[in-house]
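Enquirer: Given the structure of chain A, go ahead and fit chain B onto it with the hints provided.
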Amino acid sequence: MEDTEIVALYWARNEAAIPATAEKYGPYCTTVALRILPLPQDAEECVNDTWLRTWNAVPPQRPALLRPFLAKITRNLAFDRYREATARKRGGGELPLALEELGECVSDRDTEGEALAHELSAAIDAFLRALPRRERSIFLRRYFYVDSCADIARRFGLRESTVRVQLHRTRAKLRDFLREEGLEP
Amino acid sequence: MTRETLFAAIGQVDDALLEQAEQGQKTPVSTHLRRWAALAAALCLVVGLGAFGLSQIRVGSSAPGSSDTASPAADVGSFDSYPGPILPLTADADTGLTAQRALTLDYAPRARTANMATVTDRYTLTNPTDADQTLLLRYPVAASLSDLYFHPVALTVDGAALEPSLAFGPVLYDGQTREDYLALLSGTDFLEDDPDLSQTVTLWRFTHTDYAPTDGVAPSVAITFHLPPGARVQCFGMNSYGCSPAGDGGYDWEFGYFVESAAPLTLLFYGEAPGDYTVQGYSNLGFDAGTEIDVSAQITVETAPLGEVLSEAVALAVSRGIEGDISPDDPAVHALWQAVGYDLLAWRVDPEDLENVSLDEMIDRNWLMRRVSLLSFPVTVPAGGSAEVQAVYDKEACYNREHSTYRELYGFDWVTSSDALPVTDFSLRVAATEPDAMEIVRRTDDPDAPWGEVVFRLLG
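Line order of the protein sequences matches chains A and B.
Just so we're on the same page, this note's numbering is the position in the first sequence counted from 1, plus 10.
Residue numbers are given in this note's numbering: position 134 of the second sequence equals residue 127, and the series is strictly consecutive.
One chain only, chain A, in its complex shape:
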């Protein structure tokens, strides 16, 4: 089923939209969730929540690209679950490593007068648009999808060390950008 047909089902409030979405994007969303939640049962619950969240969001939204729309919902729900889990005990998987790397870009302190979330997101968006396409995609594979460096290397036909060096440079650029924009002290 084409994405436009699936979205049309949501707009018609036809409950067939959910199994149609699950059939087409179930494995994909599970993969996204598993990057952040190493336990399959957590990932499965997260993906089920994704279908419910999508049902509640469409309408009013009408996503032009359904796959990234679902990826964002899944990823953000998975991160919420991850934070709940790590509040109880330390989590595993690739995410702690990715978060530690992102710590290079920020002070990692809660500070007063932080930018509103949407301002920060807009700034990140602008920063990413200014990057060369491959550099941007490598950054997003690591810090949006939480792919391992080995997986990214395979995807782009690079050596793993090249990926790590590229990410290190992009993080340095982001650190400088956030400071120039006044988003970091």
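None of these hints come from the bench; they were simulated from the model.
These numbers were taken from a predicted model, which means no experiment stands behind them.
Be a bit skeptical, because a hint or two may be false.
Derived SDA-like pairs (lysine to any residue); straight-line CA-CA distance at most 20 Å [what the hints assert, rightly or not]:
1) Lys82/A with Asp7/B
2) Lys183/A with Leu10/B
3) Lys82/A with Val68/A
4) Lys82/A with Glu33/A
Per label pair, the in silico range of CB-to-CB distance [as the list claims (entries may be wrong)]:
5) Ser420/B with Asp135/A: 48 to 58 Å
6) Gly192/A with Pro238/B: 32 to 42 Å
7) Pro222/B with Arg119/A: 19 to 29 Å
8) Gly223/B with His178/A: 21 to 31 Å
9) Asp135/A with Pro238/B: 39 to 49 Å
10) Pro29/A with Ala176/B: 38 to 48 Å
Backbone N, C-alpha and C fix where the C-beta goes; we use that ideal spot for every residue, glycine too.
Expert: Chain B only, in chain A's frame:
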């Protein structure tokens, strides 16, 4: 802001940029090259084996939906993720035996989440001579050592479980084709003996780093020192590293780590450790002038055999993100220790290629990158009789994660026969433990083909 805030903000990036990141592949032309490379490999194999006219491939399926060979589905050579073919049982020399092979791919519910099928690869070996034959057989597997740990191959002979020895080949850096795996299989670079790691190394372990809390910093530590020509150093757990040539032919080194890093932090010196060094704190890992902060770090110096140090590092590296302890006696973990050991013995400092300065990366590469490994075991086939050899394991399918028209498709391919153990009768069964779980959209059934493939769609 916190790293979690930044991570959450990245989660709101524009959909179009995400779609681009999904498409971030190697140049599209490589898809076509891969197909031709696979065909070329197949032709070479026919020449090499000579007797493929004897091979027969029967394709059958218990899954709903019959074969549709007219479907324009992609072949396994053009999938975005290609984990390598199912390889055939082989031996070091011509055995004089023949084999009937029955290959089953089963989609068990527990494995479907990870796009994996259970492979059952069964051989009935026949000894037409009037003397018993005892052979050393080798079952090749295209997989990473990590795959072999989490999805071990269960080998049996006439129903009795085996404990085969494991020999591993070199990692496959950019392998995307069946030809790449066959080239490794035909090579002689398989290792199974322990490297000599008895040499003593000096360790600096960094513990109890303290710093004066300051707003707006991500405190980091830089360690700098000079090593004379020929001296080597590696790090484990460090967040940055680099070196620059010094006037005496040696190198000036710099290593760095986040104060709050949870990883064990170690430097390994091969030969004499430096007498002088500096430790300086910075507000972040950029180590820029003007960002210095006060830190203190406790450094514990000890010496130990390299083999013991590597055992500790392997256990720590492999257990990251895994609940419970890693079994150090597992054949895959021991092979990892061996593989990294050989890399350590061969490694020399190259300022243009610092990848191996990080022991973590050396371990990760050997653990996660795919290669061909051989599981070896002796088998006696009685005169005029037969023996049944069976391998059962979970294997990842070829799949598309991307923009492909065929993103819902999955696939497997296999090489039918080896020259040392010719397969005279081959059958394939594609099954799904769950009814209506999959439908086959394309499969090869050319009896003269040295390899075959099946492409399918998962349902429900």
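Enquirer: Checking against the hints above, which ones are violated?
Expert: As far as the earlier hints go, only 7 is violated by this structure.
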